[in-house]
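Each residue of the sequence shown is one higher than the one before, starting from 11 at the first, in this note's numbering.
FYI, nobody ran anything at the bench for these hints, they're computed from the structure.
Where hints are given, some of them may not hold.
With a cut-off of at most 27 Å between alpha-carbon atoms, the simulated DSS-like pairs for lysine-lysine come out as follows [said to hold, decoys possible]:
1) K115 to K163
2) K115 to K48
3) K131 to K48
4) K131 to K115
5) K48 to K163
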Amino acid sequence: MARKTSLRDFQAYLATRLSNAAKGRGASSWLGIEAGGKPWLVDLSDGGEIVQASLLTPVPLTRPWFVGLANIRGNLHAVSDFSQFCGGPAIVQNANARLLLVGAKHGVNAALLVSRMLGLKNPDDFTAEAADISMPVWGVQRFADTQGRIWHKLSVRDLLADRNFMNIGV
């Protein structure tokens, strides 16, 4: 029988791993996320906290992929639907949807709305694939897992520097 882990224990474990990765300690790991049916990898050192997709406050006159502002422990975070931003379908905000806070390391309160978390991934379980030149610089890297599934790797730094991502107004 599989060992059950409470959500609180998992979040504490993941927070410790994220903190260690940000400080350069521990094994290199990636966080797997899904947005619009597509798998993505994010360096743990670039990823921030993961929270339940909470009540979002819409902001008028913004692009469709900018879903609003989230108040997370008194701090406002700009939330973007990562699937829609990539040209995919809007993410359904259900029990699996999560906010990945990605900008804290870079001094930006940004969050990505993702369909679901796919867990921690070991880079040794992936093989580099040819770059996807149809993608912007923040998503060109691709990797194949042991089952042959292709994952894009998100460069958070490049995403936050992307003029399209930072320009939310219509």
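Hint by hint, here is what the structure shows:
no.	hint	verdict
1	K115 to K163	holds (18 Å)
2	K115 to K48	holds (25 Å)
3	K131 to K48	holds (15 Å)
4	K131 to K115	holds (21 Å)
5	K48 to K163	holds (11 Å)
No hint from the list above goes unmet by this structure.
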